[in-house]
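Novice: Top line first, the protein sequences correspond to chains E, F and V.
Residue numbers for the first sequence follow the UniProt record's numbering, beginning at 1 and rising by one.
Residue numbers for the second sequence follow the UniProt record's numbering, beginning at 1 and rising by one.
Residue numbers for the third sequence follow the UniProt record's numbering, beginning at 1 and rising by one.
Careful: at least some of the hints might be erroneous.
For chains that are exact copies, the list does not tell them apart, and a pair is met inside one copy or across any two.
[What the hints assert, rightly or not] Taking lysine to aspartate or glutamate pairs in the EDC-like style, the calculated list, with each CA pair at most 16 Å apart, reads:
(1) K87 with D192
(2) K311 with D521
(3) K146 with E244
(4) K565 with E674
(5) K417 with E255
(6) K565 with E244
(7) K565 with E546
(8) K565 with D358
(9) K86 with E191
(10) K86 with D192
(11) K28 with D445
(12) K565 with E553
(13) K417 with D149
(14) K87 with D188
(15) K101 with D192
(16) K311 with E539
(17) K86 with D49
(18) K101 with E197
(19) K311 with D62
(20) K86 with E197
(21) K386 with E674
(22) K311 with E18
(23) K386 with E177
(24) K146 with E125
By construction, these hints were calculated from the structure, which means they are not laboratory data.
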Amino acid sequence: MDKLLYGVAYYREYLPEERLDEDISLMKAAGINVVRIAESTWSTFERHDGEFDFSSVLTVLDRMHASQIAVIIGTPTYAIPGWLAKKHPSVMATTPQGVNKYGHRQKMDITSPIYLRYAERIIRELLRATAQHPAVMGFQIDNETKYYDTCGAHVQRDFVRHLQQRFAGDLDRLNAEFGLDYWSNRIDAWEDFPPLESTINASLGAAFQQYQRQLVEQFLAWQAELVSEYRRPEQFITHNFDFEWRTWSYGLRGEVDHFAASAALDITGVDIYHPSQHQLTGAEIAFAGDIARTTKDNNYLVLETQAQAFKNWTPYPGQLRLQAFSHIASGAAMIGYWHWHSLHNAYETYWKGLLSHDLQPNPIYHEAQQIGQALAQLSPQLAGLKKQNQVALLVSNACLTAIDWHPYQGHQFGRHKEHQYNDLFRSYYDALYRLNIEVDILTVDDPRISRYQLLIAPLMYAVSDDVLQRLNRFVADGGHVLYSFKSGFANQHLKVRHERQPGVIREAIGASYQLFVEPHDVTLQSDVLDLPPQATQVEHWMELLETENPNAEIWARYQHPYWGKYAAIVHNRFGRGSATYIGCCISEGALESVLCTLRQRLGLADDAEGHRFPVVVKRATNRAGNTVLFYLNFSSQPQQVTLSCARGRELLRQRHWQRGETLTLADWDVAIVELEDAQ
Amino acid sequence: MDKLLYGVAYYREYLPEERLDEDISLMKAAGINVVRIAESTWSTFERHDGEFDFSSVLTVLDRMHASQIAVIIGTPTYAIPGWLAKKHPSVMATTPQGVNKYGHRQKMDITSPIYLRYAERIIRELLRATAQHPAVMGFQIDNETKYYDTCGAHVQRDFVRHLQQRFAGDLDRLNAEFGLDYWSNRIDAWEDFPPLESTINASLGAAFQQYQRQLVEQFLAWQAELVSEYRRPEQFITHNFDFEWRTWSYGLRGEVDHFAASAALDITGVDIYHPSQHQLTGAEIAFAGDIARTTKDNNYLVLETQAQAFKNWTPYPGQLRLQAFSHIASGAAMIGYWHWHSLHNAYETYWKGLLSHDLQPNPIYHEAQQIGQALAQLSPQLAGLKKQNQVALLVSNACLTAIDWHPYQGHQFGRHKEHQYNDLFRSYYDALYRLNIEVDILTVDDPRISRYQLLIAPLMYAVSDDVLQRLNRFVADGGHVLYSFKSGFANQHLKVRHERQPGVIREAIGASYQLFVEPHDVTLQSDVLDLPPQATQVEHWMELLETENPNAEIWARYQHPYWGKYAAIVHNRFGRGSATYIGCCISEGALESVLCTLRQRLGLADDAEGHRFPVVVKRATNRAGNTVLFYLNFSSQPQQVTLSCARGRELLRQRHWQRGETLTLADWDVAIVELEDAQ
Amino acid sequence: MDKLLYGVAYYREYLPEERLDEDISLMKAAGINVVRIAESTWSTFERHDGEFDFSSVLTVLDRMHASQIAVIIGTPTYAIPGWLAKKHPSVMATTPQGVNKYGHRQKMDITSPIYLRYAERIIRELLRATAQHPAVMGFQIDNETKYYDTCGAHVQRDFVRHLQQRFAGDLDRLNAEFGLDYWSNRIDAWEDFPPLESTINASLGAAFQQYQRQLVEQFLAWQAELVSEYRRPEQFITHNFDFEWRTWSYGLRGEVDHFAASAALDITGVDIYHPSQHQLTGAEIAFAGDIARTTKDNNYLVLETQAQAFKNWTPYPGQLRLQAFSHIASGAAMIGYWHWHSLHNAYETYWKGLLSHDLQPNPIYHEAQQIGQALAQLSPQLAGLKKQNQVALLVSNACLTAIDWHPYQGHQFGRHKEHQYNDLFRSYYDALYRLNIEVDILTVDDPRISRYQLLIAPLMYAVSDDVLQRLNRFVADGGHVLYSFKSGFANQHLKVRHERQPGVIREAIGASYQLFVEPHDVTLQSDVLDLPPQATQVEHWMELLETENPNAEIWARYQHPYWGKYAAIVHNRFGRGSATYIGCCISEGALESVLCTLRQRLGLADDAEGHRFPVVVKRATNRAGNTVLFYLNFSSQPQQVTLSCARGRELLRQRHWQRGETLTLADWDVAIVELEDAQ
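Start from the sequences and build out the full structure, keeping to the hints where you can.
Specialist: Below, the structure written as structure tokens:
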């Protein structure tokens, strides 16, 4: 795409009155150049089984095309018509809570053959009607797909077959690897599999969830293949992934592997919702972008993000613009608001759009106009930005699931619904973010790790020997890895290693432990780290580390009457590289100290020249090969920023910036500098 | 009724020993002149299907009659016998949680034809046996009737028929009005209706609840008609309504419309339970009375209120008496304790009666004796009190339901169980109560609004254009309305208006808004209101108001770095009247400031002559046409009260009160003055 | 048993590699002389229906025997194989939540005839294979047996038969005693019984739970009988009882009567889990031991207690040893760790054993070595310790159930899941424990009460007239009883007494009350007790006591504007003894004052010579007839202890201790003195 896309989701079907022309003219005035349509309204297109009417869609396509607004067509399969559920009750998913009732979206069974048959038909009909339309620039398949807890009899049957293949029919190996002798849970006949939804065996439960995640990949690949039959070569296929939802986008999902599922797509799309007003930090924009961008090593589409949304998200003046450039600076090729107009009925009445319920321009819309103008003007400099980061953060859906079963906070039994994995992920991510250390986010088994100087690996709990050995080799070959506690503890089947912990990586970190305890009134003490006094608290989990290698340096110890002799954080030279291990749950402040020390030791460049949050600095390279620096002020206070080592052109203010010159960012303001000489 | 009724619920069936004569003699000694019986013990009357035995009831009637104690007979239909549930499982209601199990009361389906057949039979048998007995003064039909979440297949079928009629078969209009295109929820065949209990469409869900509320009205009307066949002309039909239950009576009910359901009755009965001891304020006594009295523009029966009840409700000395006169002062014609004796078994063992479990006189009983004596003595002055209030508070069950779907606090999705509507209702009511502004409580569409000078209209969220236009006309014609935030937002189908907000009433208030936000660290700033410094906090919800009319006066603005330019409270002269709009959720202290300013601006009389809570002043007119003033001290401290502008006779102390004289009320004390000259 | 047993649970089946010999050699090095095996692994022994393989067990027996480690064989019936649940779904219990799903242990129905048939077969097969093996010292039948909420149709049918017998077919008496007329709940035909799981009648619900508890007794008696057919005379039968689980062992269980169920055993076994690290007090070790020891007036087996267990339980240095001698001092004949090695899979991966997951010696193991050595060495002095306490604490499962229905804290309706009974039990127990007043724990109807000088009787809420009269006689005959509030209130059917409260015991305590209230800002005022100022708060419940007898002494009054005239604590001489009644919920500090005053008044010896928690003193008599004193320091600070009135030999330090000599206990240290002259 050679220009930045600025878009909205548009639901003509929901509008209380005919106003397509008025909407298009307001969109044009705001610089909107793309709309996403059709993904939510199957029942409108097929009011009765087999009777199709896409006339409304076609009208939208015609009018948008006439106004040079491109259209992304969504396949409408994530919300099924009521008549389908009535006619074929089996399309509703069976979950651990029973059979879903119709009403909410995403309650059907994505593995139901009947659902798939009807879904295929509506997709084919919709594409037949629209794909060749010149307005259509691409397709979104389904929406925020997960497996929706489907665990009915046929899913369990197929899972058992899957396991049978995975273990080559060897039940003894499965029993041994999963530890099923425990509490009389052995399985000695494939037909004797117990219900998976009530298993207390973490290995079995995690294997089932891994299988369920694959169902999502299969479903999306199936839709992509269908769409491929109709699309023109220049039309893309995307999907709108979402992240863990804690009333905003938060971290990884247990129910979908963003990396594996992206394989079927041409370009990755995501939705990114984040706290706003006094709580806006931009961290969610950054981390979601860092995942999306890495999935396909490419720019990505922000298919949904908030315009006004809720009462607590209506942005302060300036915030909508700040958000927009934060997305661009992370590599977004499109910013799409969910949604154009606020809804007058139903579930999301208070998830407001760019227009309020009165469908008239308002202060937020006016700010969008400014953004639209700027994006149009700066597309030559800002479209197709590339990023080259020295640091990668490693993630793993399998580890997320494993930590759900074996959390590090609080009660230690059974499967937890809240992903503590994401809590730790976020504390590591946020520390990086506040220090302006930009990262790519990769899965732990990604071969691309060799590109990086430093890997950050929190909670690498359930990882195979192979993958950990590869990380050891990465270190031996001159790389650097920072691990958190609980890393290396179990293998890919969640079987705890029975060597001294942390197992395979012990060699690289030059330390080990036998005991771990819950900290009570424990703080860190360090001669190496520059720990802020209020940041020394240890919480939730601590391993009693002992160094084993003369190269191992203790970066912090515990302050405690009984555990004071143990190490908390160790750093070890191993081969040509080094590994650092944080054996406990520490504050973001302490994490920042560790990261600063690491950056210094490893001689990593500080691309942000000392700027720290609330000034966020992002760096990219544009198509002209020039470095572009974004200075983003995430605060209500003005901030000074200085370009110490280079000079350039500030693109929003259209003026030159001298080396060493200081510029004042107003509250929630942004500056964009295209450097004029190489650094 | 020419004398005040002082009563108890009496359950001879529950007593551990025969003591009818002893009970009657203790009742007589306490001035008890009415008992309510029979509403809870169907299984005692009909131990086997079709075998009836009312001998115990008849004995009670005979003995009570012999002692001049009147009896209210309750139809025993709210708690069914176990054998009925066993024989006909379909009498148990199907709810969103499944089919109810037998055990608790009020778990049957009030629309089950089998239940209705059995209910009719026991009612007819009971009335045949008792109605002509001279002791019987009236009948209570059923008890605290609601629809008990009934949503089985036949209820849903009948609801669909109801909708079909309401929309004259026009599904397109229904889809449009309810916004069913959203998330593929369209309904294009009447037989395709989805399950109502799992709908995510607020309009559909609210319409269903409105229909369910009507089931209660139908059920009570059906019972009233049955009873009418047997009763003598002088015998009344009543029902015992309850209010929202938050471990005490709190506000409106979602499951019954007190106003509509009262139509079938001769006199409205209610139960009123309230905090006690250091938490006794009398506010629940007042608001429940204000509803009950207005339902039929008449006195009402307090069929149930607490004597001792729970450990936290055992009254301090004096409180039982204070409570009694608070009821009378609000227009109660009867005070009935639930119940005579504490229960020795089962669910409500700790809901104690006037007698403790030892069935002997105790300090509470002794206080009841004083009350009984006073009521008997003062009946000539205090029976049949009438009230004429200048102010009415408007309520709406439909708005309560709508706010359940679209709450103003916290999480904004789905249907909430706690009625936030009642939270706001209570904050407005309590501010009025503390200022001694007495009100009637009406539904928003009540034609009687024209009687009043000022209408208080909190959360009028889902109201039709017609009704709102009538309120505009009320203002234009010289009336005054005070609205809260979120008023006027949606129509009667919960469809948000797509004009500028607050829609129809915008004209009357001279202001409008497009944006609303969640307040964070926001306070009110006002040049008009006398705001106590600790009362300026804005919480949960704020609309960014802009005035549009030169007559519109800004009574308060927001203090906030970004929202400071918007108005929080506006007051507008419109036609011959005025409208005031509070665009945010404010403290009771700030509400009091608004009300005081309004009272002053509108020139409303302060009937309480400056007395404020904890001195509560209530005013009524007795049968002799004299004004009666009640001075109620809701505190543990003595309070001084002064009659500035009149003189009269204090009825409890039996002494004259000079104009300007000051009287000291002891802790939890009461004075009652019958004025001797007109004010 | 002539030597102290030091054991571990051992699961060869769970181990990730063959290491039996290595394990045994590590056990030997740690002084382990007994292992418990086989109770959890039915599916390993019977991989297919009817195919048995005990070879692994037999190998363990052979090798253990070769190393002189004895073995306790557990019947593996508490966790069933998956194939059994698949083949016979009816073996899974039906509970109020529906039919259990397979996965977790203890989800089967212990009354299912099919389950019982399969359970019998595996027991017989296992015992046939192992019972005669010389390594086997005894048998544990099942594990932590409860009734697992079983309430299916057949259980309810049998319960109705049971009631029919209990009431000799007299439904009228049952209706009267249970108060079933209430809310139309009468039962007038045995075949009309309502579902028990949804009853709101506390009497009926409690009777059902009492019946369910008996199912446990029947089940264990049935297993004991089966095992008896195979065992040699010297082999014991035990069971592993657990206590209420609040993430540690807390109090009585609602689901099993430890006293009644112990009848089938030769020796009682228990598991005792307790807070550790800075929260270790030893109170759980003491109270669980006091119950276990009293069940059969004998030493008992601690079949399970923690070694490392969870992150929050890994002991500080010294704590494992302190815990071990605390058990011994309470009369334990065995300390068994759950478990030998940490698990590498499944539910309890983080419930660590003596060995960590690396299966190598670690600091905890090394401390166990010290303990093992000391126990072996001191067995002559410490095996078979007997205790003779002057004080007994009375308990009642029926009262626990009754308080679940009628709690004294918070909301007062329906059945509560948390046992408030245990909260009060623990506050009384802990006050005793902190004062070093050692107790036996008996059921309230135990004939052994006559052995004691003082009975402590908290919450004796639902007790028959007979039993209370026996307590009155105990007092009249010179004994002393201390009651809490709510005692004597209801009879064994939970029918509240309709005499003045507290009914039968009113006579003994010389006081009564009619009213009870919830305290708000109420404190105790006393001229008798030495109340610490911060310990005077009254909470949750207070009865307004009035003395009725000149002998009755008011030990404390309420401080409150209205309730100040009532007594809070009364003490009454009655016959040759005395009764004390605490009419409210008071702090542990106030309870200590009451107990100190009582000890002084009754002239009870202070066996601890003034030592108080954190120094815990326990006294016993050994086989040589010598008194043994244990001084246990439950703190991180050193403590001084003095032997004022005797001299002896300190067994751990192997040195003489002079009368009056002071010894310093290090943090978490212990001293054991065998006295050399009688006291």
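Novice: What hints, given by number in increasing order, does this structure fail?
Specialist: Failing hints, ascending: 4, 6, 8, 11, 19, 22, 23 and 24.
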